[in-house]
Amino acid sequence: MLLRKVGFSPVLSTALRLAPSASGSARPAESSLFTYNGRPYASQAAEAVLDKHATGSETAAKTSTDKKTSDLESKSFAVNMFKGQISTAQVFPFPSVMNEEQTQFLSELVGPVAKFFETVNDPMKNDELEKVEDGTMEGLKEMGAFGLQVPSHLGGLGLTNTQYARLVEIVGMHDLGVGITLGAHQSIGFKGILLFGNKQQKEKYLPKLATGETIAAFCLTEPSSGSDAASIKTVAVQSDCGQYFTLSGGKIWISNGGLAEIFTVFAKTPIKDKTTGEVKDKITAFIVERGFGGVTHGPPEKKMGIKASNTAEVHFDAVRVPLENVLGEVGGGFKVAMNILNNGRFGMAAALSGTMKGVISKAVDHAANRTQFGNKIHNFGVIQEKVARMAMMQYVTESMAYMISANMDMGASEFQIEAAISKIFASEAAWTVTDECIQIMGGMGFMKDAGLERVMRDLRIFRIFEGTNDILRLFVALNGFQNAGKQLKGLQHALKNPIGNAGFLAGEISKRAKRKAGLSSGLSLHGTVHPELAESGELLVKAIEQFGGVVEDQLLKHGKKIVDEQFVLKRVSDSAIDLYAMVVVLSRASRSLSQGHSSAQHEKVLCETWCLEAHDRIMNDMKALQSSSSKRLFKNLRAISTAVVENGGVVSPHPLGF
Amino acid sequence: MSGRVLVGVKRVIDYAVKIRVKPDKTGVVTDGVKHSMNPFCEIAVEEAVRLREKKLMKEVIAVSCGPQQCQETIRTALAMGADRGIHVEVSGKDYENLGPLQVSKIMAALAKKEEASLVIVGKQAIDGDCNQTGQMTAALLDWPQGTFASEVSVDGDGLKVEREIDGGLESVRIKMPAVVTADLRLNEPRYATLPNIMKAKKKKIASVKPADLGVELTSRLEILAVEDPPQRQSGVKVESVQDLVTKLRDSGTL
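As you go down the protein sequences, you meet chains A and B in turn. In this text, residue positions in the first sequence follow numbering that gives the first Met the number 0: the first is 0, and each later residue adds one. In this text, residue positions in the second sequence follow numbering that gives the first Met the number 0: the first is 0, and each later residue adds one.
In isolation and in its complexed conformation, chain B is listed as follows (with noise of 0.2 angstroms):
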């Protein structure tokens, strides 16, 4: 075991921001808006760095795909405690087209040529919310998954994971090297602290270009429309159970 734990960063639009439609509606509005990494990548990178300091694991590489503004987002990742970082370089249209399938191919190839033992990643990012990255990328380097983390351990040469799912826990052991993909309670990321942000100054970032890889990335889908959920309509108070009934038999529900 390489001891490497590999981890995907996406950068996001903040979670506290108003999101803005595009008047054109092929998107949301980018240009100008605060952005940061996507909370469930900061909490797969506490768990990596949390998995170093253990000694469980020795080396914890941050990855992220995109246009050269995602540097900051690996520099938070750094700043958190991983080693060092890898900027896959996509832009333009590449960039806008970039979904769960090219990711996973990407940081397959990534597993591989870095000899990974781990790869984890957020189970969601808060833009796409596709929840597919990391199961795609088990699968296509065969490795075994551990999806929805809220607990990981290493047990033996693999690792057991407590799973949130719809009804309740569930504990499963996989053997390395394995994906897993961190859900909300796994565990509390750190405050990057300033000093730390001064030291990751110093870590290396290494640019990579997908086509280095030998990945191709053309997009099975395209995007017809983004809009607005329509406007909530006020709802209506009645007296009685008897008054509910008739409404909803009227407005055809019943």
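Only chain A is shown next, with the shape it has when bound in the complex (with noise of 0.2 angstroms):
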């Protein structure tokens, strides 16, 4: 009725289908749209991030739709990505934040890192060892490197964010092993006193290990919870008198596990709801002293890679937690944890760009002076795109972490989703530049000596753990669409005052029917990036309209149930990947093109060549979304593993019948 009355144009009348199954008449907003099984999903990471409560139900309900639009104002360049539009604000231009004397102190700090990994560290004999070497330990520990981000007159560094990243740069080019036992220290060890600790906390246990007196570790995982982190099992039970929590409970493959003395771990405590009485399990993080007693690891596990890295079971036996040792809010924890890993995250991205270089250089040495065929083989087309692909691969991991290490340093309160976008695309893209690096040096390649195949090894578990690839993608994409989603709750808002809303609903009507006639909604680049690279901005605006229109008509076309749509999911995260890596080598080559530097030129035509098949991808898999066909290939590929499962194993007989 309302739509004849005001004429609305049939594009709309879609999204008010959404009204009934999102609105929801007793489930609130944000969180409900996402649970499943009544279990909080990835998105409740999101919110968690976002220092929302994390189980939500009770309190988002008392949220007023006027205080979602102002979360519809979030100047995070991903989640505008989702509906469809552009916020320039994080990443152009490539932002700058070192001032003159940060920069200079940085500088200073390159070499003496360097030469020590180019002199001391011996990552051959670590890998060898299955440790770190005793002189290589106590020489990082006087070099400062186990409290980096630790404040200065609590005995550390202090180094900002895009600081911090320039040194794990180098650590990453020589030693990804030692890397790991310096991440799970600082970056996640005792990151939680960092970001949620109080005077006390801080006092007492940050000068001991910003000189790596005490070392930390990170305890999350258990048997039965990995990528399901809310699902942990470890009790913690406050005592009668209030004082103290009674720990108990086991964690598996805990980095530093074997050495650290300081544990932030992660356990169940029941909490009684002050209103309902209701008693409820919710996670703490605690920060845990090996000295309180109970706590014992087991032995080095023996793995693929990282063989450096101390990795142990941690079982705590009804140890004695003091109340001062919580860390953050009884109840808190889950926030604790993904907000420790959400601003990590940043730094394997940078890790791993310089393990990128380092590989790449080797791959172009051997290119450059390998003869075959009478020819040096760098001259060879298949070897050109290797070396190319590789390049490209390497810049745009750069440039997500510089980026993302200069938004963080600005103050940006939002970057969960470009963080978890630069962990998949950097451990994915180093997997495939390291095994294309052997492949161009060939039998060399695979030699031990030649040292690549134990990146390769090292590099494995970079998929895997802090969040794997999977159900990172799941993250950004639902992140993703619980954002576009609340647009077009702000949309059904207004509809329901459309005169007073008559401006917003009439561009917004204009946008869809461009939209859906396949004319451009008006979005530009122009002015923003620099006028070399105006086509590869284009490539760009075209890529987010499109994103942004398929995104809205799969949230209509699913509503709730997008949870379920894993392969949609996958598909929409892959794009965002794409869009997030196209639009940081155009802030990046865009600069350096005003810059004017030497290396502009190359680094336009990286940018270009990245962007074209970007888009290309990008369109490509927006219109299999569209096409009745994918929901075919989705529908025969969940058969066939159904089929495989059951079978226990592939299902079809052999060829020849036995």
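These are computed hints drawn from the structure, not numbers from a lab. You may find that some hints are simply not true.
[Unchecked claim] Taking lysine-lysine and the DSSO-like style, the derived pairs with C-alpha atoms no more than 27 angstroms apart in a straight line are:
#: 1; chain 1: A; residue 1: Lys361; chain 2: A; residue 2: Lys447
#: 2; chain 1: B; residue 1: Lys33; chain 2: A; residue 2: Lys603
#: 3; chain 1: A; residue 1: Lys130; chain 2: A; residue 2: Lys114
#: 4; chain 1: A; residue 1: Lys356; chain 2: B; residue 2: Lys33
#: 5; chain 1: A; residue 1: Lys622; chain 2: A; residue 2: Lys513
#: 6; chain 1: B; residue 1: Lys17; chain 2: A; residue 2: Lys356
#: 7; chain 1: A; residue 1: Lys114; chain 2: B; residue 2: Lys17
With the hints in hand, could you dock these two chains into one complex?
So, in structure tokens, the structure goes:
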């Protein structure tokens, strides 16, 4: 009725269909849209990170749509691209956050750290011994490598995220095993204390952690709890007097588990709801000292890679943890965990960009000197394509790492989608690049002495830990859909008062009408991107428009059930990653061109080539999603999987019959 | 004895960099090339800091002559443990013509001004390879010198210096104030740790001009050309000593 009265186009009518399913009567907005079987899903992680209440259901009910409109004004590029919008605040120009003093200081640090890793650290020895050599460990402690981001008044170097990224890049270039030892200690091990610790906790623990006198470890994973972090079974029961908790449980695959003195442990604490009197289990984060007694660890795990890093089971047997050692709020542990992981992700991208640089040099050195068929092999097209793709992937990873670290330093509160994207991209790019480097080097690459097989083995874990890439893809997609959903909700809200919101609605109608007609919605990067990159900028704009449209269509098609459509989510996520990759290289190359760098023309070519291919990938994926054959494809994939699982293995009988 | 050690440090192209000669043959390419402290200067700084740590000396002052970038080199010395720095500002044409004679005049003037008991420099710089600054400084000050030092110890009011010479090792005893030049095996320089680099930010670097020290910088040398060494010709393998002798005779070498 309302439709006919105000004469809305049929395009908009589909938006109304969202109304009954999503706004929900008793169940409120954000969190319920994405709960699955009552258990918080990847998007809960998003909320936790956005500083909303982790469980959401009771509290979010109160939030009015007015509050939601402020969430709509996020500055994050990733959040906005899901809505088919371009927010340039965090991405253009390529951020440059260090002042002269910080830049000068950082440049002084790079030399000694690089020298240490070139001359003192022996990655092959570390890999062979399956531990970091004692002398090297001592050297690293003296060097100050264990407290890079601890404030200087507490004994650390007080580095910003960008400065930290630059140093971690050097570590990544030389020895990922050492990188994980350092990262497990400071990037996640005691990061909780940095982010959520109170003054007493910081002053008590940080000084010794900064010098490496005590080592830290992050204890979340359990045998039955990996990706599904909310399902942990380790328990911490508060004493009757309230002064301490008794912690019991077992954690597995804990980096530095055998070395650490200080553990950030996540356990379920039974909490009595003040209003309902109901007792619920919520996760709480604790700072646990080995000295509290009852803390034991298992032998070092035998791994495929990062052998130098100690990985062990850690058991807590009725450990008494004082109340003062609760990290953050009682019951707020999930948020603590997600924030810690989110906060450290950029470091991975930085380290891996260094790894890629290192292996690329080795491959290029070989290609430039190896003669076969009467020619140096770098003159052959196949090799050229490999080298070019490796260079592009490294360029993208590096650009992502430093854009995110700069955004974080600038005080951005919303970067979780970008951080997740960078982790996915970096880990997969590094794997591919190293694989191709081995390929270029042929048999040599396979030999231990070349040093590449170790890097390959070290890299495999990066797609698994700190949030498997598969989960992170779902996270990116669901988080994006959630934001797009909010926008649609805002639209719905506006529709209730069309006269008052006529301007807004008119814009929305015309946008969708144009999209339906295949016309550009007027988005442009003209004036933002360097003129020499205008064409690539156009590709990005087209891709975002298409992407935003498909996101909305899928959301309208599936509604709440989008959560189950993992085939869709994966493809949406892949495109999201490609979009972010396009924008970071456009930004970086634009900056180089503006600054007249000697490498600017080379970077322009890297950028253009990347954008061409990424744009095509995105368009193909989006087209596939909208096509009817995609539904059949997903159905087939699902059917094949079900059959194979049922059969405990491949189903088809042997071609020979036996 | 003031217990003050003056250490000269030079900013040179990093030893690992592949040197390229400028097309106009006036010198080597320095723009955008990685620079660091001359390795022998690192050894000199390390020795000075060790003397202070053993309480045989009281203060270590790092000195460098050149443009603004020299301050980075001084800061590295401060991070290694030097107490303060002096940057002697020399730039442009003056810097291009700066050689051992000019530097030693500056060092001599500073040694007198700071009332140093000891001046330690690297035996030579890896770019000029002159091996003259230490010796000239001692001569200008009329101080004894212990050059190519592979070991230095304090002996009463003087120094015992073990020198590496062509024939082997020579021990000399010299009175202080003196000049010592550091050779390769004198010590192994420490790594500047990141906390020390941070502490070094608070240490002072004073700026001074050569004119303030009464030193004039005109050079007595003019560089005519800088060229790459000739490409090495490939050798020839011979089967027997007879062949070798024949070939040598033919080439006119024998």
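Which earlier hints can't be squared with this structure?
-> none
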